[in-house]
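Q: Protein chains in written order, with this note's numbering: chain U, 1 to 469; chain L, 1 to 361.
In short, the hints are calculated from the structure, not lab data.
Simulated restraints on C-beta separations:
(1) U/ARG249 with L/ASP205: 56 to 64 Å
(2) U/GLN419 with L/ILE352: 19 to 27 Å
(3) L/LEU345 with U/ALA269: 50 to 58 Å
(4) U/THR48 with L/LEU16: 50 to 58 Å
Since the model is a prediction, treat every value here as computed from it, not as a measurement. Ideal placement from N, C-alpha and C gives every residue a C-beta, glycine not left out.
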Amino acid sequence: MSKISAMMDTGKRSLMNSQTALQTVGHNIANKSTEGFSRQRVELQTNTPITEGNLQIGMGARAGVVTRVNNPWLEKQIQREGMSMGFQDSRADALSRVEQIYNEQNNKGLNQYMTDFFNSFRELSNNPESLASRTMVRESSVALTKDFGRVVGQLKAVQEDLDGQIKTTVEEVNQLSKEIASLNEKVQMVEVQGTPANDERDRRDLLLKKLGEKIDISWAEGKDGMVTVTAGRTAILVSGIGSSELKARQTDARDRVEVFFEGSGSTSANITGQITGGRIGGALDVRDHVIEDLLSHVDNMAYTLAKEVNTAHIEGFDKSGRNGVLFFDMPDQVKGAASVIGLNKTVFNDVGRIATGAQPGAAGDNTVANVISALQYRQVMDGGTSTLDDYYSTQVGQIGAVTQRAVKAQESQKNVMSQLTNIRESISGVSLDEETTKMIEFQKTYDASARLIKTADEMFDTVLNLKRM
Amino acid sequence: MRIADKMSFNQVNQNLTKNRSEMADLQNQAATQKRINKPSDDPLASARVLTARTEERGNTQFIKNINNARSFLEFSDQSLSELTEILVRAKELAVSQSNDASGNEESRMVTASEIEQIYNQSIQIGNRKLGERYIFGGQKTQTTPFNQSGEYFGNDADMKIQTQKDSFVAMNLPGSKVFLGRGLGGDGIVRAQYETPTDVESLKDFQNKEIERQQINEEVDSNFLTTRGPASESGRQNRSDKQDPVTGSVGVNLFSTLKNLEISLKTNDKAGVQEALDTLDQAISQVVLARSEVGSRIMAVNSTTDSLQKAVVDNKVTASQLEDADAFQVISDINKTDSTLKATLETSGKLIQPSLLDFLR
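Excised from the complex, chain U in its bound form (with noise of 0.2 Å):
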């Protein structure tokens, strides 16, 4: 009798192991689209078998235990790339909206009213007297200094929007931290009982990889299932259950947002500087190196047109025979040149003020008024090997250099995350196939089972019915 019961007892385990498996199956085709799920297995045991004198008999299976095919180290290898694919991204955005300032494809930039400023001071030189001509120098003055004032406005609109971005960056990181210390929370909660927290542990590996795009990070999980995140080399953001967050703002030195860790306490370190890589690090790039550099390349140009032009205007007289004044009003420093360079007022108002002749009381003088067109042709960049068009071209020629490269690069860094997550897809993602064939394999087994149930059951009745036969 013992034989038929353990028969159905092996049975009815088996009933409710195809049950488990089953249940798996199901949860893996639910989460066929979850982001970050790696597929789990039923992992079944035989049983301790029985010993009858010599015979060993087989107590049929149980379920073990659930594990995820996962495999760690592709996992930590998408991070550090995805973090590399942040730093593009964010990288090849900023510098494409930065290279239209200098795009003079389709539109007037400063290049062309730079060659306007010079021709009209040809055209002046044709016949100072008029004041057409005269007109025309303060129409294509006026509008250089202006188009000057554009880049730099644009230039520094793209900055102020890289900050937000970092200060909106900044907020999704300490959200993500505090996800990353509930998890490591609720993974040492499950494993502390000897199961693995296989949904949690997805989920977290994906919660470092979305924070490793926002931020470089470095982490490593500690003997309680527990992750330490650092962002930069010094910022803990989670320790154990607890998160740190950073801040985005302003400081007193300068106009920008930085970066600043509160640790515990009342300490606020700036990791500026330590930040390289992910969205951060790409804006940070962008703002601080690229565009800097643009801006004091803008500034150089306008400083030393208005530095050049105003010792030659200064040297000149005007329609009246007046000496000449400053034809720019003159910044004071390199510095910010491009934003203040401007008309002088003296001759904006009075377009007879410009100074064309060498020599006072002659109307048709056009000497410096060639000097100054000459300007144009004059190595006066670079510590004179270079002219305003050449260094101005050349600085078109890098910009678009590098937002080539940071295009190509992010397009490079896509394909390397593609097959990344593809050999991952191929090793953790759900394939409906297989999870139909083990559905269809388990519910074999479920039927099968019920059958061995059934057999015991009617053996029971054959015993039960001994007497009445």
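Put chain L on the given structure of chain U with help from the hints.
A: Below, chain L alone, put in the same frame as chain U:
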């Protein structure tokens, strides 16, 4: 390799995105007919396009400069041609009155009044205006260059016009040179100043030299050699030929030449008329030489125009070669991408649809 469902979806998604963005890019090229729409499309080429455009604009302006200078020069040429004609007429008159066979006291008196007319005409020519500008006043284009007694109120300077990146051409002849014979070269030819200041240093040098030159001019004026001064006309200021102490050239003052001739005729001074013949010859050759200078400048700017016009075309071609899309290439690429896209769509449909579940009915 194990293929998870997400992989297939991702793949389909990626392929379609790639094809569609390629298509969008090509359509953009087709619509703009441009290969380069932003610097990063081809950094090197876009910088060169910029340079080509700048050069083109510069060259277009130079052509405008030249057209302006040419009309000035042509008008000068025309005026000098008239001046030559009336001087030749003066010489004819002088020849006819230089001997007693064809001239006598009365005819000399009559001729004198015609010479006076010629004198007035040449003053008028010296005060010619193009638009609002006196063409023979040097840079003093708003001041009448000569008064009735032939005094000069302009200056000796040239108006230089930029005709190429590094060259300037003078568009005027100062009246002091053509009419007064002052500051001519050793060979008696009117020449423009060789140098044009293009930076502040040379501008200052230039200004200093101009001041020096003015002082020399004043000195020359006060030390001029009087070759002839009829007692009967002592009241009239007498400017006559003098040697330029700087260039060593012997220029001729057209006005005093004519005036002297007129006086000689009026005073029936045969010797004086004969003497005037020589100076008139010199005067004619001075004007003819000035005209040839104008002519050579016109020729120079004409040939510059030709090369500038060619350069403008070249610049346009360069820019277009660098930035224009190859229409045939774009269209054929569009067709290619279109068929790829269709193929991707078709295979994608097949890839996504069937799963084991579809066969388990």
